[in-house]
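Chain by chain, the residues:
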Amino acid sequence: MAEPRTAVALISGGLDSLLAARVILDQGIRVEGVNFFTGFCVEGHTHAIRSRDRDRPKRNNALWVAEQLGIRLHLIDVSTDYKDVVLNPRHGYGHNLNPCLDCKGFMVGRAYAWMQEHGFDFVITGEVIGQRPMSQRRDTMPVIARESGAGDRLLRPLSAKLLPPTLPEREGWVERERLLDFSGRTRKPQMALAEHYGFRDYAQPAGGCCFLTDPRYAAKLADLWRARAARDYELDDIMLLKVGRHLRPRPHFKLIVAREEGENRFLEGYRKQFTNLTTVSHPGPLVLVDGEVSDGDLDLAARLTARFSQGRGSPRVRVAVARGGGEPRILEVAPLPAEEIPAEWYL
Amino acid sequence: MNRSVLDVRRLLCPLPVIRTQDRVRDLAPGERLEIRCTDPGVRHDIPAWCRMYGHRVIGIRETAGEIAITIEVVSDEGHR
Ligand code: SF4
Chain R
184 MAEPRTAVAL
194 ISGGLDSLLA
204 ARVILDQGIR
214 VEGVNFFTGF
224 CVEGHTHAIR
234 SRDRDRPKRN
244 NALWVAEQLG
254 IRLHLIDVST
264 DYKDVVLNPR
274 HGYGHNLNPC
284 LDCKGFMVGR
294 AYAWMQEHGF
304 DFVITGEVIG
314 QRPMSQRRDT
324 MPVIARESGA
334 GDRLLRPLSA
344 KLLPPTLPER
354 EGWVERERLL
364 DFSGRTRKPQ
374 MALAEHYGFR
384 DYAQPAGGCC
394 FLTDPRYAAK
404 LADLWRARAA
414 RDYELDDIML
424 LKVGRHLRPR
434 PHFKLIVARE
444 EGENRFLEGY
454 RKQFTNLTTV
464 SHPGPLVLVD
474 GEVSDGDLDL
484 AARLTARFSQ
494 GRGSPRVRVA
504 VARGGGEPRI
514 LEVAPLPAEE
524 IPAEWYL
Chain Z
5 MNRSVLDVRR
15 LLCPLPVIRT
25 QDRVRDLAPG
35 ERLEIRCTDP
45 GVRHDIPAWC
55 RMYGHRVIGI
65 RETAGEIAIT
75 IEVVSDEGHR
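Protein chains in written order, with the working numbering: chain R, 184 to 530; chain Z, 5 to 84.
Hints listed in this document are in silico derivations from the structure and should not be mistaken for laboratory results.
It is possible that some hints are incorrect.
As the list claims (entries may be wrong) - Derived CB-CB ranges, DEER-like:
| hint | chain 1 | residue 1 | chain 2 | residue 2 | range |
| --- | --- | --- | --- | --- | --- |
| 1 | Z | Ile64 | R | Asp364 | 43 to 51 Å |
| 2 | Z | Ala72 | R | Arg273 | 24 to 32 Å |
| 3 | R | Asp482 | Z | Val78 | 31 to 39 Å |
| 4 | R | Gln387 | Z | Ser8 | 34 to 42 Å |
Stated by the list, open to error - Quick partial rundown of chain R residues pointing at chain Z, CB under 10 Å, derived from the structure:
| hint | residue |
| --- | --- |
| 5 | Asn243 |
| 6 | Ala245 |
| 7 | Ala249 |
| 8 | Gly253 |
| 9 | His257 |
| 10 | Leu258 |
| 11 | Asp260 |
| 12 | Leu350 |
| 13 | Arg353 |
| 14 | Tyr400 |
| 15 | Tyr453 |
| 16 | Arg501 |
We put the beta carbon where it would ideally sit given N, CA and C, even for glycine.
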């Protein structure tokens, strides 16, 4: 018997990519999945950090999807190369800092490269025409196929019948008739198909697959670029944007204030890299300072730290201040009254 | 028996799994790897990843805020 044809599936962890892969497996194609880590993935992070979310069952949805499908999944860290997508998107941004069209082109391009390297035949994605305003439109689908380099080796099983036949269809590797014609924002056909296959308990991310679609996250990232007068970031920067309360009392520094125990523990790991403050006379949060600060700035930072501690009602609070990795010294300060914290300080 | 350690403490999901996958690629069948983590998600994700490739989870040890998972590489097929 002839070797089965092979497809690499872009697995995001959501329902659409799960169904797309399932439909292709049904046609006797051997499928393996790839999942790309960009640094902005919603996956797990915040629940891994925040204690109050820790009781929820936590899993990586892409791994879960692959297990449901009985396929292998290759997790690939693309965070370094992805920077260029976020910083210089040719097609611009969506509502926030989400460069969806460039992002999709990049990911399909990486999947296509993987396909070539591993001798696979084609690439599949869970894209649906009209599902998303920027990347999944009838006129942008060919842009992704072209810019990724995948061309007509890119098959979108969920909308295939509404698109021109691709190589796998023309060659008869898959039967076009058994592909689908989903379009638009409705999720009903996907839910019905999930029911048909007996998939339950799948992830349904609201909004998008990554933090760049989140307005508050995007605002913090834009603030970071402004403050540093450079559009750039390191992995630690974008991780820290997901944690704590962020306040910028002066243009040249901001504070990251842990909101609870889990965040405290997470920020603990950054103590050596950042100037940090914590109250010693009262229970309170760990606070990191991002930026170069003078002693006067530290005084303000200490008063803010006291404000977020349980000593906020006391006249004096003792705060330990340590410059990245150095010995702490103690400052005794009056907590900053709430009315002296302008709303604009909160990012 | 050959046993190495991978320190992925402080890394958040899915990085611990990615680093494990990348390390296992260089190990031979029968070798063991202890993965030291802090993200509680690994309790689910590393065993799930091992099932996918047929590796064995030898044990999961938890101490204050840390999770150590020991796995045994069963085959190197599939890690290309
Ligand atoms: S939401 Fe994020 S991950 Fe999804 S396509 Fe847009 S930029 Fe890419």
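What hint numbers does the structure not satisfy? Of the numbered hints given earlier, those the structure breaks are 2, 3, 12, 13, 14 and 16, listed in rising order.
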